[in-house]
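Number of protein chains: 2
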Amino acid sequence: MTFVPTDAARETDAQAALQTAFAPQSVAIAGVSPRTTGWGGGQMFLRAIRNLDRVPQVYCLNPRGGELDDGTPLYRSLAEVPGPVESLISAVPASAILGLVDDAVAKGVKVIHLFTAGFGETGSDERAELESEVLSKLRQAGIRLIGPNCMGVHSTRGGVSWMDDSGSTPGHVGMLSQSGMNASEVVGHGARRGIDFSNVASFGNASDLNEADYLEFLANDPDSHIVLAYLEGIRNGRRFLGVAREMSQRRKPLVVLKGGLTEAGSRAAASHTGSLAGSAQIWDAVQKQGGFMPANSVEELLDLAVTIERMPGVSGPRCAVLGGGGGVSVLAADICDRNNIPVPWFADQTQQVLREFTPVAGTSIRNPLDAGFMLEGDKMETALRAVADDPGIDWLMVHTGADGGGPRGRQDDHARQMAEGLAAIVPKLSKPLAVVIRQARTGEGFERGLDLQHRLNGHGIACFQSIDACALAVRRYLDWQQR
Amino acid sequence: MTFVPTDAARETDAQAALQTAFAPQSVAIAGVSPRTTGWGGGQMFLRAIRNLDRVPQVYCLNPRGGELDDGTPLYRSLAEVPGPVESLISAVPASAILGLVDDAVAKGVKVIHLFTAGFGETGSDERAELESEVLSKLRQAGIRLIGPNCMGVHSTRGGVSWMDDSGSTPGHVGMLSQSGMNASEVVGHGARRGIDFSNVASFGNASDLNEADYLEFLANDPDSHIVLAYLEGIRNGRRFLGVAREMSQRRKPLVVLKGGLTEAGSRAAASHTGSLAGSAQIWDAVQKQGGFMPANSVEELLDLAVTIERMPGVSGPRCAVLGGGGGVSVLAADICDRNNIPVPWFADQTQQVLREFTPVAGTSIRNPLDAGFMLEGDKMETALRAVADDPGIDWLMVHTGADGGGPRGRQDDHARQMAEGLAAIVPKLSKPLAVVIRQARTGEGFERGLDLQHRLNGHGIACFQSIDACALAVRRYLDWQQR
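Here the protein sequences line up with chains A and B, keeping their order. Using numbering that gives the first Met the number 0, the letters of the first sequence correspond one by one to residues 0 to 482. Using numbering that gives the first Met the number 0, the letters of the second sequence correspond one by one to residues 0 to 482.
Heads up, some of the hints might be wrong.
[What the hints assert, rightly or not] Partial list, computed: chain A residues near chain B (C-beta under 10 Å): (1) A182; (2) H188; (3) S201; (4) Y229; (5) E231; (6) H271; (7) V297; (8) E298; (9) G325; (10) L330; (11) D333; (12) I364; (13) D369; (14) R437; (15) F445.
[Claimed, not checked] Pair ranges (Cβ atoms, derived): (16) A:N50 to B:F372: 23 to 31 Å; (17) A:H453 to B:Q14: 45 to 53 Å; (18) B:S123 to A:H453: 41 to 49 Å.
Just so you know, the hints here were simulated from the structure itself, not pulled from any lab data. Cβ coordinates follow ideal geometry from the N, Cα and C atoms, glycine included.
Construct the complete structure from the given sequences, taking the supplied hints into account.
Structure, rendered in structure tokens:
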């Protein structure tokens, strides 16, 4: 190694490299098989990038040359590529990696993403050495590395992705993830839940660019208003904490799911990304110092994104719970209470308003309000406004099922009417409102629930999949706000 | 009151009354509106009972007489009914209840179910008094009461139900529930999960027959091999505990979901069924004494039913976790560990077998086995048998998604092949196996997951909806076994 830049210089360099990776002017993909319907990694990236159709120049490499079945040329090597290449995606086997790296140095690429796996994470000394050699060559040339052993970057605005089914609406949630699959699940489930993404990075072994670099990028990214993270190991704890703290001071929300906090998970993380995962106790201290929100699953990451995007005005925990079903109401109250979300009785005045149009039999109007029929027609506005105006209530949770007896058409109408009703009323309410759509039993119910959720998402209304998930997310967001 | 039977006599009487209610020779439904497509309670029971088509005589009552729109006669009162009536279902308003009770006494019915609500649970003294009056009239006549304020009984074998969409396969899981909706949810979701029911009772206010009577019935019911319960209050704690303990000694599994354990839930339970719910501390002691399994949600009741029915041979907690996705594997290991389910590394010999057909890159074979491809074709049998034969492993958990990229047909094939492969291999394995089908993102994925689950259910393979749910259920079942 002839030149070792200072840490600060390397950090700036990292941010420039990530800027390029997320919105390149030119991309080359190495290891593209000729069939455009193929399932290899190269074709996966090509399909996703072509789908987004934003990168001006996309080149495909295959050592045998020739062309794709749609006539696109396959270049034998980077040297053959006619124009400049800013960003290189490698889907070649690890055995071919050193040659590709040499070509990249010669071509002057700025950033390489190695989808290629089979390095330090295998536990083999030989392969860990190969990873070091790759890194050393790249460092000498000033090329930054994403990965190895990862899916790389996804940006609808920049036109890069590994997911050809990710939807294409640019959003305001950023994500860094040491696991490509967890990132894919968050983005995929996010589409269903109305959460659109800005810039997402899957970074695997993190042998060069690490969690602190990605976090810094997203912390300063004006398109990312919220940042989600899935981490296994931490390479640079000091810098990561520094960036997290700075975000916390600016009130930019960061939610972190940490994998490998148990003994079994930690062993799995070592096999997955070669990470040293650390203990739950240490992580607890990190979290307190970093001032970010914790999540325990992929679903919880999204629950918090939904809460932050759709219920930013929630100012306290006291909840009005509304929906049909006495037993469901009892369990809902238990669940809220266990999540430290109080469900206080409504004020007398509120109860009087509700009593006016409630039959005395079979319904409770004290809170939870066990009265599904109140969420239909004209009654809905009166009931929701009365409850929202109760001085003892901070927010409203409406729960509903998507299945149910009766002919299909009636159920569809019910879902549509509920969505339209809520869309008209929610802007008039003095408090934030969340909707819980309980789990479906049938394919029809699932579709109906998706449709209801989609309509509510379209009106900016927060939707959750269970009362538990909703209560927990609101509690965590309030705890973060109140720090 | 002229005659007060002893407790023991009343208890025997209760069992005979329940026998009649679950399999009556004749039923009368009071409060049936003339339109067979109507949504009133009377029509709901009529539709469900006609659907099952097992009760020899079914009579419909309406004070205006006339007939249903399909020509069935509507009797003005019980006195007009030509034959005997063993069981009476009341869907009349509370204001008409005393007249109906007098008619029932005159007719000599054995058991009355009051779907009718609006009694003690409203908190009104006047209505609590009405409930007492009804009870007093019935006691004098020796008629037993289910409810009021409940859905009553469901028995596919006996031909009675309130659910017209409950499926109609008689099974071996019984349930008692103070909430009709929770019972409906358990039966409805049970159909999806391959759990069929024997006898189910929703019993609301429990002013006469109470939780101890229903539990005793199901404890002695040869068709009910497992009993699930949703309870709010306990009317007769001593007897309930006695029956529960006796079941525990016979190793007949009982799983109880207790609503109203928090302050908010307890208030809600008082409004719902007039129950005094008691504290979590007291309940903890009851549970220890009663020797039953706890559940915290409707889903957990079903998770335990699936575990008990499909994995009776699980003899220890040590789990082999198999499926695709490195990050998913790390989180799976964390989740298992948190549920006190160890995920130990496989023995060297097992790892050697797996290594033979695993590429070194991008997969972990230590446990979790991060190798989705191993669950395809010939590799599946070799991988599962090797893992099952590992002396450090007690049971296997296979996790899979139902969504995924690629054309629809390919995904469908994958699900079908996986189901067929598992069905052929599982009987040859030396250890029990569970399948987790992770949450779908799309309607197509949900349908595909349902199809996979349905196929696996058909082969008696245990399916769960999340790794968490699976690990928790197995842990609880083992704890119960090891008592």
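We went through each hint and held it up to the structure:
1. A182: holds, 8 Å
2. H188: holds, 5 Å
3. S201: Status holds, d = 9 Å.
4. Y229: At 6 Å from the nearest chain B Cβ, Y229 of chain A passes the 10 Å test, so the hint holds.
5. E231: holds, 6 Å
6. H271: holds, 4 Å
7. V297: holds, 8 Å
8. E298: Check passed: Cβ of E298 of chain A comes within 8 Å of chain B, closer than 10 Å.
9. G325: holds, 4 Å
10. L330: Holds. Min distance 5 Å.
11. D333: Check passed: Cβ of D333 of chain A comes within 3 Å of chain B, closer than 10 Å.
12. I364: holds, 8 Å
13. D369: holds, 7 Å
14. R437: holds, 8 Å
15. F445: OK, holds: F445 of chain A within 10 Å of chain B, min 4 Å.
16. A:N50 to B:F372: 23 to 31 Å: At roughly 25 Å between Cβ atoms, F372 of chain B and N50 of chain A fall inside 23 to 31 Å, so the hint holds.
17. A:H453 to B:Q14: 45 to 53 Å: About 51 Å separates the Cβ atoms of H453 of chain A and Q14 of chain B, which means 45 to 53 Å holds.
18. B:S123 to A:H453: 41 to 49 Å: Given about 43 Å between the Cβ atoms, the range holds.
Violation of the numbered hints given earlier is absent; every hint is satisfied by the structure.
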